[in-house]
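Q: Sequence:
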Amino acid sequence: MFHSVAICTGAKMHLSTCVWQMICSINTILTRMEHYTVDAFFAIDIILRIFVAYLDRRMFVLVYDLKKIAFW
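For the sequence shown, this note's numbering assigns the number 26 to the initial residue and increments by one for each residue that follows.
Hints were generated in silico from the structure; no laboratory data involved.
Beta carbons: idealized from backbone N, C-alpha and C, even for Gly.
It is possible that part of the hints are untrue.
Claimed, not checked - Simulated restraints on C-beta separations: (1) ALA95 - MET47: 41 to 49 Å; (2) LEU91 - MET58: 29 to 37 Å; (3) ASP90 - ASP70: 33 to 41 Å.
Claimed, not checked - Distance condition first, Cα-Cα at most 20 Å in a straight line; then the derived DMTMM-like pairs of lysine to aspartate or glutamate: (4) LYS93 - ASP81; (5) LYS92 - ASP70; (6) LYS93 - ASP70; (7) LYS92 - ASP81.
Please model the complete structure; the sequences and the hints are all you need to start from.
A: Next comes the structure, spelled out in structure tokens:
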């Protein structure tokens, strides 16, 4: 973002080009934020799945053992 702002301060730059560069840099920042948000939710999902009991289909019992939950 700062790079495009620095480029836009030149005297030979047209206003439409300058605005377009700023929009592109803001779009890049938003895209990165979206990726980080998805990654954060994915990490939270992995952590929560380790601590949530599951139903053993053969014995029809809830399994609470963390080792069995992590490696089922």
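Q: Assuming the hint says 41 to 49 Å, is it satisfied by the Cβ distance from ALA95 to MET47 or not?
A: At roughly 47 Å between Cβ atoms, MET47 and ALA95 fall inside 41 to 49 Å, so the hint holds.
Q: For a C-alpha distance cap of 20 Å, please report whether LYS92 and ASP81 respect it.
A: Status holds; Cα separation ~14 Å.
Q: LYS93 and ASP81: Cα distance at most 20 Å?
A: holds (10 Å)
Q: When you take the CB atoms of ASP90 and ASP70, is the distance between them in 33 to 41 Å?
A: violated (20 Å)
Q: Within a Cα-Cα threshold of 20 Å, do LYS93 and ASP70 meet the stated pairing?
A: It holds: about 18 Å lies between the C-alpha atoms, which stays within 20 Å.
Q: Look at the Cβ atoms of LEU91 and MET58 and judge whether their distance stays inside 29 to 37 Å.
A: Roughly 33 Å apart at Cβ, these two residues keep to the hinted range, so it holds.
Q: Check the hint pairing LYS92 with ASP70 against an upper bound of 20 Å on the C-alpha distance.
A: holds (17 Å)
Checked against the numbered hints listed earlier, the structure breaks hint 3 alone; every other hint is satisfied.
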